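Trainee: Sequence:
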Amino acid sequence: MKNLVIFGAPGSGKGTQSDLLVAKYGFRHISTGDVLRAEIKQGTELGRTAQQFIDKGQLIPDELMIEILANVYDSLCPCEGVIFDGFPRTIPQAEALKKMLAERGTEVSAVLQLEVPEEMLTERLLNRGKTSGRADDNAETIRKRLEVYHSQTAPLAAWYTAEGKLHAIKGYGALEEINAALCGVIDNV
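The sequence shown lines up with residues 70 to 258 when you count with the working numbering.
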């Protein structure tokens, strides 16, 4: 079984590429954004709490996210593999994910980092906001989300490099080329 983390700034294409990898390999996809949006839509206590953080462009507290992800992970396995999309976002979350997987006798197989220039990220997110109606895809929230990414999430690259897990992939250009580069990594782990 392969546990993969797809990693990159908001708008880097994590969800799009995850969908392609799920179709090719039969992996399960855990998108923290989708999980949280479902909780918000259902009006659960977790959803209401999460919405308060999201509205401010902040990250969900680690304890809450790891508990949610452990439950989702357990409900999906056994399977060919799992793609974690949008988690971890901080080094403490990466440590918590490592511990959670170790408790299940497994580990992160590879971290797939999609690298995209910031101007492209902003343009992609603004366009997505126009087509999807997502309230968090507006100029002010995007700026805050990118600031949070650079200060809290980007340091994961060094952490996963030290773990020997990070594989950087150019996250712009033809979808097929990006996907082929990701598949090349997956096929070799």
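These aren't lab readings, by the way, just hints derived from the structure by calculation. Hints are not guaranteed to be accurate.
In silico DSS-like pairs for lysine-lysine, Cα to Cα no more than 25 Å straight-line [what the hints assert, rightly or not]:
1) K71 to K213
2) K110 to K125
3) K213 to K110
4) K93 to K71
5) K71 to K168
6) K71 to K199
7) K213 to K93
8) K239 to K125
9) K71 to K125
10) K110 to K199
Please read all numbers here as calculations on a predicted model, not as lab measurements.
Trainee: Run every hint past the structure and note whether it holds.
Mentor: Status of the hints after comparison with the structure:
Under the criterion of a C-alpha separation no larger than 25 Å, the hint pairing K71 with K213 is inconsistent with the structure, at around 33 Å. Between K110 and K125, the direct Cα distance comes to roughly 18 Å. Compliance with the 25 Å bound is thereby established for this hinted pair. With a CA separation close to 23 Å, the supplied pair K213 and K110 stays within the 25 Å bound. At most 25 Å may separate the alpha-carbon atoms for a hinted pair to count; K93 and K71 meet this at roughly 14 Å.
As the CA atoms of K71 and K168 are separated by approximately 16 Å, the hinted pair is consistent with the 25 Å bound. Only pairs whose Cα atoms come within 25 Å are accepted, and K71 paired with K199 is rejected, the gap being roughly 35 Å. Between K213 and K93 the alpha-carbon distance is near 34 Å, which puts this suggested pair outside the 25 Å criterion. The straight-line distance between the Cα atoms of K239 and K125 is roughly 30 Å, outside the 25 Å bound, and the hint therefore fails.
For the hint linking K71 to K125, the alpha-carbon distance of about 34 Å lies beyond 25 Å, and the restraint is violated. The straight-line distance between the Cα atoms of K110 and K199 is roughly 20 Å, inside the 25 Å bound, and the hint therefore holds.
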